[in-house]
Amino acid sequence: MDRLPGWADAVLVPLVSLLLAALLSALVILGIGESPVEALRIMVVGAFGSTYGWGYTLYYATTFMFTGLAFAVASHAGMFNIGAEGQAMLGGLGVALVCLALPWPHWALALPAAVVGGAVFGALWALIPAWLQATRGSHIVITTIMFNLIAAALLNYLLGGVLRPAGSVESATARFPEGATLPTLHDMLAPLGISFSKAAPVNISLFVAVLACLFVWVLIWRTRLGYEIRALGYSQTASRYAGIGPVKIVVVAMLISGGLAGLMAVNVVMGEAERLLLNPTEGAGFIGIAVALMGRNHPLGVFLAAILFGFLYQGGGELGLWTSIPRELIVVIQALVILFTGALDNMVRMPMERAYGALRRRRKA
Amino acid sequence: MSVAPAIELQGISKSFGPVQANKDISIKVAPGTIHGIIGENGAGKSTLMSILYGFYKADSGRIFIKGQETRIPDSQAAIAAGIGMVFQHFKLVENFTVLENVILGAEDGALLRPSLAKARRELAALAKEYELNVTPDALIEDIGVGMQQRVEILKALYRQADILILDEPTGVLTPAEADQLFRILARLRDEGKTIILITHKLREIMEITDDVSVMRRGEMVATVRTAETGPEELAELMVGRKVLLRVEKEAARPGDVVLEVENLHVVDGQGVERLRGIDLQVRKGEIVGLAGVAGNGQSELLEVLGGMRAATGRVAVNGIDLALAGSGADGKARRAAGVGHVPEDRQREGLIMAFSAWENSVFGYHRGPASGAGLLMDNAGILTEAAAKMERFDVRPRDAKLSAKHFSGGNQQKIVLAREIERNPDLLLVGQPTRGVDIGAIEFIHSQIIALRDAGKAILLVSVELDEVMALSDRIAVMFDGRIMGERLPGETDETELGLLMAGIEGRPDDAAAAVQEAQAAQAREHAEEHGTAHRAGQGGGHG
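Those protein sequences? They're chains L and A, same order as listed.
The opening position of the first sequence corresponds to residue 7 in the working numbering, with each subsequent residue numbered one higher.
The opening position of the second sequence corresponds to residue 2 in the working numbering, with each subsequent residue numbered one higher.
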């Protein structure tokens, strides 16, 4: 089979997939009697037309970077971690406990502590499925799905009881102390004389997410651990030959994966809600799978795909606001993008490879 | 020739992407002959046969069967045209009986019973006609590979095939079983069947075929009468230059004992004892070859020594006992103890196919200081070193950034060998060093192994190719059923004796072949008794 050059493989294939998804979405929008061009305009303007739009797009993107990286790291070790959702919920619990534990004097102290809290809780929630997979062969897909449900039930229980402040009727923790409020992009850019929407929730977690992308890149392609993770992910038998302990690698990779998933809570729980509510993840754990698939498990790809999904979320929200397109259709559009970029990757890739091969042969002849 | 050829191919071409697997191939196979097709791996033999059997569609060219132009879009059409194929890897349902496998896909009607009865009658007739003895009611998983292969041949004959294609049929057989197969093939030919034998073994071509076609790099380079050629000429045609068929080596000068194995036992996951008390020694400066039919414990022994499988007993390297189970019994500890390992299956074990050559060049040794300091790997350093290694071992293409999967089998093997040999191990375990490797590369690989021996290293060689074991070893141990049947010196033994040991028969009876047949017949009877009753009971439950 002809191989596409690197740039085509990494950029062109996802772009064509995206285009196909957009075309199909356009047909659906036409079908319900709305103008696809107008819909696209609303989405683009809504997501990128103002600092407010950008702020929301990047806020969502931050979350998806964390969950996308979480899926990518596990994926390199050959694990299909479908449990980012639950791990992120527990991460939320960790962040909330850290934030509520002390009357934090300044966010600069609270942030590192919350990062540790979120990562540790998320990692520990991944530990049991990882351990069961590594030592007992219990399939990680099954166990992590179950752990998602357990995590939701656990939050439900805690927020309805122990963590609910006395007298409150809402299933939520108390508001975090002032000192645990993370600076938003507005707060950070104001001293530089750049005005950015005050209302947008994008905050310093965005930079934590970018650092996480860098961390994952170094981990996977520059460290011995990353080498062993990739080796195990590609071939269990070859890893046994090389003396790479599968139990250790599976557990460590899943801890890192769970930790990254837990970090999304820093953005959502600490950066936006400033208290822990029920269902803090809102499906972001699952979106992470699509983000990682589209980003081909590479941190740069995850970064770009996260921004795309941030756009879909924000633009889709605007669409629901300004048109008669029902909310459900936005979910359909997002699903089409996931379907084409994630699941149907080969449908686009293989004809392109064939076309490329034919083109090259003709040029040679 | 007055009679139309059984098969005639005219100008067959087939490309996979940029690779032209078959280039304008024309060939005529006379009816009632055994026609050999020989060529290196990747020469296009299998592609050509897959086109003939309807698995691939040729880009151009025409196929004539018995003088009639025939289109073969799928294997159904091939069967209808009277072509039967026996694959290298059998396509049998393990938990079906011989009879059930024979009728599978050729049942008449919805009810099985009439088909089974008809098949039983036909099998009896075929057995009589061609010496194709099988036990109809034995389960496939319980019979030996020799009989499994006969079942494959019977399947083809049951479907009225009069042209039989056999793809590397002797790879899994003992020499005695191979002889028996050849007798069956000769009989089939004498009864008017046409047989195409695909192989890379020159000896088989010389022994059994009437005509031979040689393929090289997708082209048919020659078709000659077997009687008018010889192995040297054929090898030269295959490779395109003169080859040394036998490696030159000086007598070994064995030194101290490096590897000591005592009373080694292995029980696999199903509770079957795979090694039943192995005792073995390998000294410095000697190559000990383990001969045996695949599946008699050689693989398990290599895996235990390489740290891939737990065992009980004692293994010492340089006088130091190795852990055989638990945490110290892994490839990491073995490498630290000075054991290098060229595993039997380079694609599944020795290499990560998706990794580039340079990443593979430290696989298993990626922890050591040579691969970088601290947590980080010295990627640039490894890349430079890998490029140098590829130069020294003549790995082609000389591109260290290319994924392992894009190298040919021989070059993949060279990447593994370079990695293991250049670590300068005290003991090198070598499994199937030339399986799927071109003749040209075989020469190189053999010379590297001998050079390592001459440098005073201990080498344990496992190979299913008896020729290879005999050519390389300074001492040969034959394995059968998890035991070492005996040790022989290559100069003082021959294929017949080793073949008998491989079949589990000690000593040297006058009529060797008869003894093997007797043993096999006894085995078959045993199975028939064991499974006949069990199977009937099962059938009663299933259909009642």
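Hints were generated in silico from the structure; no laboratory data involved.
Hints should not be assumed to be uniformly reliable.
Simulated DEER-style distance windows between Cβ atoms [what the hints assert, rightly or not]:
(1) A:96 with L:37: 43 to 53 Å
(2) L:369 with A:380: 52 to 62 Å
(3) L:18 with A:375: 36 to 46 Å
(4) L:118 with A:457: 52 to 62 Å
(5) A:69 with L:18: 21 to 31 Å
Glycine included, each C-beta is placed from N, C-alpha and C at the ideal position.
Hint by hint, here is what the structure shows:
For the pair residue 96 of chain A and residue 37 of chain L, the beta carbons lie near 52 Å from each other, so the given range of 43 to 53 Å is met. Between residue 369 of chain L and residue 380 of chain A, the C-beta spacing of about 34 Å breaks the proposed range 52 to 62 Å. The given range of 36 to 46 Å is respected by residue 18 of chain L and residue 375 of chain A, whose C-beta atoms sit roughly 38 Å from each other. One distance hint, 52 to 62 Å for the beta-carbon pair residue 118 of chain L and residue 457 of chain A, holds here, with the actual separation near 57 Å.
Range check, residue 69 of chain A to residue 18 of chain L: Cβ separation about 48 Å, and the 21 to 31 Å hint is violated.
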